[in-house]
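Trainee: Residues per chain, in single letters:
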Amino acid sequence: MRFDEYLQLEDENIVCRKCGHVYCSKEENYKLYAREMVRNFTDVGLVNRPQHELMDRQVIFRQFFCPGCFTNIENETILADEGPIHDKQLT
Amino acid sequence: MPSWVYGADRFEAHDKPREELKIDPELKLHTDADPGLDPVTYEVLRHRIWQINDEQFMTISRVSGSSIATEINDFNVGITDEVGDIVIMGSGIVWHCNGDQAIKWVLENRSENPGIADGDLFLTNDPWIHANHQNDVTVLQPIFYNGELFCWSLAAVHQVDVGGINPGSFCFNAPDVFSEGNVFPAMKIVEGGELRKDMEDLYLRRSRTPELLALDLRAFIASANVTKRRILEMVERYGASTVKAVMRRTMDESEMLLRERIKELPDGIWRSEEYQEQSMAGDRGVYAVRLAIEKKDDTLHFDFSASDEQAGMINSARGGSRGGATAIVLATLASDIPWAVGGIKRALKFNFKPGTVPCADYPGGVSAGSISGVYMVCNATIVAMAKMLSSSDKWRHKVISGSEGSWAVMYFAGIDQYGNPAVNIVMDALAAGIGARSWKDGDDTGGILEAPIGQMANVEYYESYYPFIYLYRREETDSGGAGMFRGGCGGCLGLMLHDTDVPFAWQWFVYGMGFPTSNGLCGGWPTKAVEAMILRGSNIQAHLDRSELPADVTELRGEHLLFQTKGAYEQVRQNGDIFHCYYQGGAGYGDPIDRDPERVLRDILNRWVSEEFAYEVYGVVLEHDKESVDLEATERRREEIRSFRREHSRTPQLEPAGEAVT
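From first to last, the protein sequence lines stand for chains A and B. Heads up: the first sequence at position 22 corresponds to 29 in this note's numbering, and the numbers run straight through without jumps. Heads up: the second sequence at position 465 corresponds to 488 in this note's numbering, and the numbers run straight through without jumps.
Don't read these hints as lab results, they were simulated from the structure. Keep in mind that a hint or two might mislead.
[As the list claims (entries may be wrong)] Here are a few chain B residues that sit away from chain A, every Cβ distance over 12 Å (derived from the structure):
hint	residue
1	L280
2	N443
3	I476
4	A480
5	K649
[What the hints assert, rightly or not] Using 27 Å as the maximum straight-line C-alpha spacing, the simulated DSS-like pairs for lysine-lysine come out as follows:
hint	chain 1	residue 1	chain 2	residue 2
6	A	K33	B	K372
7	A	K25	B	K417
8	B	K417	B	K463
Nothing here was measured: the structure is a model prediction, and the numbers come from that model. By construction, the Cβ of each residue, glycine as well, lies at the ideal position given by its N, Cα and C atoms.
Go ahead and model the full structure; you've got the sequences and the hints to work with.
Mentor: Structure (structure tokens):
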């Protein structure tokens, strides 16, 4: 059963559609079992000025990759002090 | 928390079902619907109502003198049944489907005193009743047949200025609604077919552009007149109960079609967050709208209750936010279902927490509600809906990644080349980029999802009416979010003053400058964040003397003056000052290194993507001729990117967080 572009459900687990890597059970947040990389928007060329010129808190670009094939499976624009959003949950 | 202002709760409107409405019994409603409606008559009259809705829309555009209606289509119109449930909504700004709440409020609060009668028009812009912000003035018309209230027409048009502390009424210096534009909680501006002069004066007195508002008021009246005439012609010909049956069935069918679709999606919960920096001038906070969409059986539940507390002037009230989320459902999952919102809404449930950004308590600042609180709701809904749709093999083609992350508005005020005072708004951002689909690239400068027929005005319009010269208006390289399918590029513009010695005050309002707010899906990248600046005292004249037009502000020299997201006036003079801004594109879908290299080559040749960005993010390497892809080098580069990901990532469940990777 499809979960999204790169993930699917197999035997109640979330699994990579490309390489078959098993992340976790469907109730859990798959992002916690993915590989995570945090980047600043200025470093990846999407913002041209330092954030501190505009605001006191930091918003980061957080990327998640499949631990098996290192496909970029999801990204977040998120406050630096917030954990990964449990964004997809089939019930 | 209830408002501290005495009696404010009386203006808190909700979308009540008809059986809960408390309407003066003296007001007779037409409820009779022919149970024997035949399918041919149904189709003929359903399309007739659609045509009337089109004429309703066009009349406003033709009669108005404001570029917002004549050029940009920043308005919308609808036709409802006798209790305000929308039978058809136009394709202007779709979030004005919240006008149903205003009709229900008028039925409950105006039916006894001053009464609702044939020939009346009610005007309102009260955000707590329905409006997105005070500029979105709405006129409601009850249409009577044989002494019974048969149906309503509604029209909402953004007005250039309705008062408040800042020209244009996006009041970034206002701590609350008392310093913002006037709030009119539904007043009878036309009574028995006569425009009430006292009400018109009250309406226009606080505006800096009363002449434009007066013209738009006539446009409202003209549109209401033609709508009423066409509806009554149809009723006379086919019978009131037949037309009412068509209205009922149109709503029922839209509800049925949407519920069938929802039922085919898997049950689940999808979440998203949308941020905005700065709640008013001088503020440095970051504020979140948080959404969880739960799909159960054939209903979608939208829960915004985890959003941040209201702040400054970026908030919206419940009605606007409900309209924003509904607009995204219409633009995505229901894009090919008739927009009979009265039926569509039955499959949508909303939960807002009072006192939050998308559900502000009175007297919180709401003057930027449309392009702040409501817009954040829209963006959060686009992303959460897309995540939901990506789980369905049947409906994933409806996925649209984050689109046109914010609606940048540029207000100007000064003396024009004809010696007249001028206040207006540049709305080029209506040509922002749309997000990628799950099967194709997003539309470059394609517009705004919530405004299907919104458009930027012609350059010639601004140059003939105002003392400006457009130096450039173009699509911005590398602004479409990277992905297997690329987001649509956003656009940029450069303006200079011309033919006036008077400095112009330039006001800027947006969000998404510190970080992008069109967010990608399934590995798709966000767009580039907004930029805005004045290049003070540039050398533009030397370029013009050589008959050269620059294509970008980087080709000019001058002092860079960068804007904050919330306003602050800057004086623009005819001494080389240039206003430059870039507005966001759409986000990408899928991992950028899964993109067909030939598509990246096409993007490079069209200047949608730079060669450097193609190498860094897409992992595409060109041959020396720069007109073809080096496939072997591309595969090596993509393997390098995978290795980089492997070496610089961690597993959150197992390893502590590290520093950002540069």
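Trainee: Are the hints correct? Go through all of them and say.
Mentor: Taking the hints in turn, this is what the structure says about them:
{"no.": "1", "hint": "L280", "result": "23 Å, holds"}
{"no.": "2", "hint": "N443", "result": "36 Å, holds"}
{"no.": "3", "hint": "I476", "result": "29 Å, holds"}
{"no.": "4", "hint": "A480", "result": "27 Å, holds"}
{"no.": "5", "hint": "K649", "result": "21 Å, holds"}
{"no.": "6", "hint": "A:K33 <-> B:K372", "result": "25 Å, holds"}
{"no.": "7", "hint": "A:K25 <-> B:K417", "result": "20 Å, holds"}
{"no.": "8", "hint": "B:K417 <-> B:K463", "result": "16 Å, holds"}
Checked against the numbered hints given earlier, the structure satisfies every one of them.
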